[in-house]
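Asker: Protein chains in written order, with this note's numbering: chain A, 1 to 339; chain B, 1 to 321; chain C, 1 to 447.
In short, the hints are calculated from the structure, not lab data. Cβ atoms here follow ideal geometry from the backbone N, Cα and C, with glycine treated the same way. Check the hints yourself; a few may be wrong.
[What the hints assert, rightly or not] Cross-link-like lysine to aspartate or glutamate pairs, in silico, DMTMM-like; alpha carbons within 25 Å at most:
1. C:Lys332 / A:Asp230
2. A:Lys166 / B:Asp268
3. B:Lys140 / A:Glu30
4. B:Lys140 / A:Asp276
5. A:Lys339 / A:Glu320
6. A:Lys280 / B:Asp283
7. A:Lys280 / B:Glu121
8. A:Lys280 / B:Asp268
9. B:Lys205 / A:Asp278
10. A:Lys211 / B:Asp272
11. B:Lys202 / A:Asp230
12. A:Lys166 / C:Glu51
13. B:Lys205 / A:Asp276
14. B:Lys205 / A:Glu287
15. C:Lys6 / B:Asp311
16. C:Lys332 / A:Asp276
17. B:Lys286 / B:Glu270
18. A:Lys326 / A:Glu153
[To be verified] Pairwise CB distance ranges, derived in the manner of DEER restraints:
19. B:Gly146 / A:Phe29: 29 to 37 Å
20. C:Pro288 / A:Asp92: 43 to 51 Å
21. A:Gly137 / C:Tyr40: 44 to 52 Å
22. A:Ser64 / B:Ala260: 49 to 57 Å
23. B:Gln91 / C:Val261: 31 to 39 Å
24. C:Gly270 / A:His220: 31 to 39 Å
25. B:Ser71 / A:Ser199: 58 to 66 Å
26. B:Ala104 / A:Val42: 19 to 27 Å
27. B:Gly127 / A:Val42: 24 to 32 Å
[To be verified] Partial pick of chain A residues on the chain B-facing surface, computed with a CB cut under 8 Å:
28. Glu153
29. Met170
30. Asp202
31. Arg206
32. Val207
33. Tyr236
34. Glu239
35. His268
36. Leu270
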Amino acid sequence: MVQMDLQMKEARKIRTVPLLSIRDLRVWFELRRFGFGHAGYVKAVDGVNFDLRQGEAIAVVGESGCGKSSLMKTILGLNRPTSGSVVFEGRDLSTFDSKDLRWYRSQVGYVQQDPFGALAPFMTIQQILEEPLIINGVKDRGEREARLRRALEEVKLKPVEDYLAKFPHMLSGGQQQRVVIARAMILNPKLIVADEPVSMLDASVRVEILKLLRGLQASHNLAVIYITHDLSTVRYFSERIFVMYAGNVIERARVDDLLREARHPYTHALLAATSDPDAKNASVFREVPPGEPPSLVKPPGGCRFHPRCAHVIRGQCDVEFPPDFKIASDHLAACWLYK
Amino acid sequence: MIMQPITGLLEVENLVLHFRTTRGVMRAVDGVNLSLKHGEAVVVLGESGCGKSSLARAILRLLPRNVHAYSGKVVLEGRELMGLTDEDFRQNIRWAHISIVPQAAMNALNPVLKVGDQVAEPMMIYGGVKKEDALGNARKMFRHVGVPEDFLGRYAFELSGGMRQRVAIAMALVTAPDLIILDEPTSALDVLTQANIMNVLKRIKRELGVSYILITHDIATSSELADRVAVMYAGQIVEVSDAARFFNAPLHPYSQKLMASVPRLRGDQEPDFITGSPPSLLDLPKGCRFAPRCPLRFAKCDEEPPVTGTDGRLVKCWLSA
Amino acid sequence: MKAIQKSVTDLLRYPSAVAGLVLILGLLLISVYAMTTIPYTEAIRLWRGGEGVWHTNPINAQPAWTNFFRREKLPEGLTLSVADGTATRTVTAKADGLRQIDITYVFDYPYSGFPQELALFFTATYSVKQPYVSVTWLTPDGRKLRVMDASVGATDTYWFSQDPKLERRLGGERPAEGLFLAPGNGGQAAVPGRYELHVSALTFEADSDLDAEFVLYGRVHGPAGTDHLRRDLMVALLWGTPVALAFGLLAALGTTVFTMVIAAVGAWFGGWVDELIQRVTEINLVLPFLPILIMVGTFYSRSIWTILTVTILLSIFSGAIKGYRAIFLQVKESPYIEAARAYGAGRWRIIFRYLIPRIVPVLVPQLVTIIPTFVFLEASLAVLGLGDPVLPTWGKVIDDARANGAPFQGQFYWVLEPSFLLMLTGLAFAMLGFALDRVFNPRLRDV
Numbered sequence: 001m002v003q004m005d006l007q008m009k010e011a012r013k014i015r016t017v018p019l020l021s022i023r024d025l026r027v028w029f030e031l032r033r034f035g036f037g038h039a040g041y042v043k044a045v046d047g048v049n050f051d052l053r054q055g056e057a058i059a060v061v062g063e064s065g066c067g068k069s070s071l072m073k074t075i076l077g078l079n080r081p082t083s084g085s086v087v088f089e090g091r092d093l094s095t096f097d098s099k100d101l102r103w104y105r106s107q108v109g110y111v112q113q114d115p116f117g118a119l120a121p122f123m124t125i126q127q128i129l130e131e132p133l134i135i136n137g138v139k140d141r142g143e144r145e146a147r148l149r150r151a152l153e154e155v156k157l158k159p160v161e162d163y164l165a166k167f168p169h170m171l172s173g174g175q176q177q178r179v180v181i182a183r184a185m186i187l188n189p190k191l192i193v194a195d196e197p198v199s200m201l202d203a204s205v206r207v208e209i210l211k212l213l214r215g216l217q218a219s220h221n222l223a224v225i226y227i228t229h230d231l232s233t234v235r236y237f238s239e240r241i242f243v244m245y246a247g248n249v250i251e252r253a254r255v256d257d258l259l260r261e262a263r264h265p266y267t268h269a270l271l272a273a274t275s276d277p278d279a280k281n282a283s284v285f286r287e288v289p290p291g292e293p294p295s296l297v298k299p300p301g302g303c304r305f306h307p308r309c310a311h312v313i314r315g316q317c318d319v320e321f322p323p324d325f326k327i328a329s330d331h332l333a334a335c336w337l338y339k
Numbered sequence: 001m002i003m004q005p006i007t008g009l010l011e012v013e014n015l016v017l018h019f020r021t022t023r024g025v026m027r028a029v030d031g032v033n034l035s036l037k038h039g040e041a042v043v044v045l046g047e048s049g050c051g052k053s054s055l056a057r058a059i060l061r062l063l064p065r066n067v068h069a070y071s072g073k074v075v076l077e078g079r080e081l082m083g084l085t086d087e088d089f090r091q092n093i094r095w096a097h098i099s100i101v102p103q104a105a106m107n108a109l110n111p112v113l114k115v116g117d118q119v120a121e122p123m124m125i126y127g128g129v130k131k132e133d134a135l136g137n138a139r140k141m142f143r144h145v146g147v148p149e150d151f152l153g154r155y156a157f158e159l160s161g162g163m164r165q166r167v168a169i170a171m172a173l174v175t176a177p178d179l180i181i182l183d184e185p186t187s188a189l190d191v192l193t194q195a196n197i198m199n200v201l202k203r204i205k206r207e208l209g210v211s212y213i214l215i216t217h218d219i220a221t222s223s224e225l226a227d228r229v230a231v232m233y234a235g236q237i238v239e240v241s242d243a244a245r246f247f248n249a250p251l252h253p254y255s256q257k258l259m260a261s262v263p264r265l266r267g268d269q270e271p272d273f274i275t276g277s278p279p280s281l282l283d284l285p286k287g288c289r290f291a292p293r294c295p296l297r298f299a300k301c302d303e304e305p306p307v308t309g310t311d312g313r314l315v316k317c318w319l320s321a
Numbered sequence: 001m002k003a004i005q006k007s008v009t010d011l012l013r014y015p016s017a018v019a020g021l022v023l024i025l026g027l028l029l030i031s032v033y034a035m036t037t038i039p040y041t042e043a044i045r046l047w048r049g050g051e052g053v054w055h056t057n058p059i060n061a062q063p064a065w066t067n068f069f070r071r072e073k074l075p076e077g078l079t080l081s082v083a084d085g086t087a088t089r090t091v092t093a094k095a096d097g098l099r100q101i102d103i104t105y106v107f108d109y110p111y112s113g114f115p116q117e118l119a120l121f122f123t124a125t126y127s128v129k130q131p132y133v134s135v136t137w138l139t140p141d142g143r144k145l146r147v148m149d150a151s152v153g154a155t156d157t158y159w160f161s162q163d164p165k166l167e168r169r170l171g172g173e174r175p176a177e178g179l180f181l182a183p184g185n186g187g188q189a190a191v192p193g194r195y196e197l198h199v200s201a202l203t204f205e206a207d208s209d210l211d212a213e214f215v216l217y218g219r220v221h222g223p224a225g226t227d228h229l230r231r232d233l234m235v236a237l238l239w240g241t242p243v244a245l246a247f248g249l250l251a252a253l254g255t256t257v258f259t260m261v262i263a264a265v266g267a268w269f270g271g272w273v274d275e276l277i278q279r280v281t282e283i284n285l286v287l288p289f290l291p292i293l294i295m296v297g298t299f300y301s302r303s304i305w306t307i308l309t310v311t312i313l314l315s316i317f318s319g320a321i322k323g324y325r326a327i328f329l330q331v332k333e334s335p336y337i338e339a340a341r342a343y344g345a346g347r348w349r350i351i352f353r354y355l356i357p358r359i360v361p362v363l364v365p366q367l368v369t370i371i372p373t374f375v376f377l378e379a380s381l382a383v384l385g386l387g388d389p390v391l392p393t394w395g396k397v398i399d400d401a402r403a404n405g406a407p408f409q410g411q412f413y414w415v416l417e418p419s420f421l422l423m424l425t426g427l428a429f430a431m432l433g434f435a436l437d438r439v440f441n442p443r444l445r446d447v
């Protein structure tokens, strides 16, 4: 009886603790002059907070150089945070020893952008899928084989025999990406980090891959972080969107809210620049904010978007860094317009 | 303003470009017909490996060593180009009349030359212009494409991707060609940069009246520039249509499926996908090349479909025959 | 497996690869033949030479096949002995315990040229009194010439041409020539025909005995000829093949594998490890390679294994390390390596399982093409007098030829034979290597 109570409590606790919790994360890279001597930092990620629940899919949207890749690599344990914390199931990554780290890596799957580059060209599909299993101590050959067959079936590369002995270059881009997904899934992770998983693929297969990921997410109750610069694919895939600009998350909301009622001027600009196929597009010019994203070494003071912003409030936006303002429940925007 | 009458600029007839490979003959461009008027932008839409980049090379005669077959007709303003010698073509056509912004052009700039000199170079080579005049012209082109003039003296690595792409466009523009072939001009760029480049291309088209052949796989972005759309599949053009009607209701089943696969930001349409993958250009199916993936195929599709035209739209499909 | 099969089929499309492979196969067959027919210790014994090893061979004889190109054939050597059945021996007992032993050597001499020398190798047993021998020579035209009369010891050798008495008897002609001349012929050409040599011995003791081996030294010998120490060059040419191949292969393999692993380690770990490797390489690059080898050879050991080890050690930190490092630095950033890190692959696994296999395509052709470099190096060292003191190698044959002025005496075979094999080896590996380069680096393919 008592034991059952304890189990219940334990279960409830797990449900309330987010799967992944990121607090005030900063990832700075030191710049060196001529190989030594300090020359400033590239502040790739500069104060990011968020929680991710088990089974939830979020999208991180931003342009190249906004820090989304650095954020992703930090979550994957490939970068070390400069400050702040990444907490997985209540355990801080910085306290992990090598054994914990190995366990953690089995809990997080990684789907990369370029499927061909993500697969070792000299290995067969079987070898590629066996690698994570061997590394994580699955010694039994039969078990490895069974698991990799199951993984290939899950990504709908059937019949499995047709693929096992092939090399990556013999597969189409879509099939390669399925292998990458199978590899990410093979250790039964709780979290998948997908870095632009379809941007290198042809239009006709993009949706197929996104739907496959979505299906796996539902059937395995996976948490997914979907990193992209393409807003049009986001709503088919995730529940919440985080928009990043120059190392900060500047707006976050549920997908529909954000697409319908974006608040931050930068999010507006992104939406305005994204086109749907329509012959009318050819006759109009799109509104694009002037300039380019700032250097991450010396970002502008105050709001980092203010030099390009049409709604800039002089004396405030260029001086004070905007905190997150609550627009609605689950909708935050870091913009002084909404204080 | 009196609109310049739209007349024929380029006429491509039954263009063929096959490559010799270790695994057989690769039929990258397999009997392509395409026409282009002055001041018009034609989009060649297609997935990777459909031969669209080879089409650009075939028009510009930028051929690799392993050409197996190269034939057909390319007529520029009434002048047959296939008969010209390579040297003649290089001196009088390429860049003088037709220039190209190659794929990943922003990474194709010479890292040890100042970008201003690079933009001026085609004019000095093809136009015999003196360096000072060429640089002056380059400055003008920089203004057209929206690159600050003081960037003339910079090197490629000092520029962002978007700026480098603009420089590549300036380079294609500088000899005042009639036609610019744009091979995936925005594919590796961010959304805002993409929109910016598209704005630049639109403005150039309006101000200078150049024609474009835009080669891309990105349907949404292609609609930013297209007057007409040609859909390419497995080495052939399967549909040619004016943009307005194409983006509303494409005719060919492949175009329809392709259009349906585009995720849209606005509207509630659920995107679809095409099962299977395009055929290898080394081993093409008989009859309609899309038939194996086509949901609407029927017995006739085993035979080569004819190209039929209705209302100025061309489609290569038995359903329309 | 399939990939290897495919590479092989690709490779066989290149005629140069096929030619190279055939040549290499030939060299391998020679090696196997050499090692099975002449065991290692035997080869060394033969090459060291000494008493009784090469005494039946002529000095500096040309290869026998050169006769094919001559109208006037040069004589080949002959060795006649009772034991071989090429001579007859009769023993007749006489009074007082004396015995007469008669040995007759009969041979055809079809040449008009003269042999290099004639010799009789006696083996006699006795306790006090040496057997007494008289030797007579019978020409085809029936003349009988007295050669010598003397007592012989246990292992005496009688060199015909070193006998001044015989020379005087032949009217001042050198015996090896005079014995074959017709009288009054003017000393121009040997008389061809059947010759006979009689050895008639008297023994004076009960268990005293005598035997003799007759050797006619020709002017051509065997498929490869002989050197100044009567050694059959075939031994060196045959055994030089496995030595050269082994040296080349081991040195090439040793240097490329170590170089590659070190470059991979440096590129992967970066930091001070990389710095250290780079600096060591730079220092090594300015160190003079050959002088160090010469020093080691002069002061320490000229054993081929020592030289091989030093060669590998000095070549590991070569310029190639920089090239490999550049490739590794590029590969290190590949997404598939990043993926491997993300699923927890350890650093050594990444180096050996992910980095190194990536550059095998660059490595294999390079490995094959540098094999001859090391084969030549070994030969050059031998020419510099730093060859292995005991092993027969091509380089040492060239060195001997050079030291004895072979080219100035028309003994071209001595220089050309080992040089030809060296060049053949270089050609074979170069042809294979270039074809491999095309197979593994498709960019070089002219499809």
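Asker: Of the numbered hints stated previously, which ones are contradicted by the structure, given in increasing order?
Answerer: 1, 2, 3, 4, 6, 7, 12, 15, 16, 17, 18, 20, 22, 23, 25, 27, 28, 29, 34, 35
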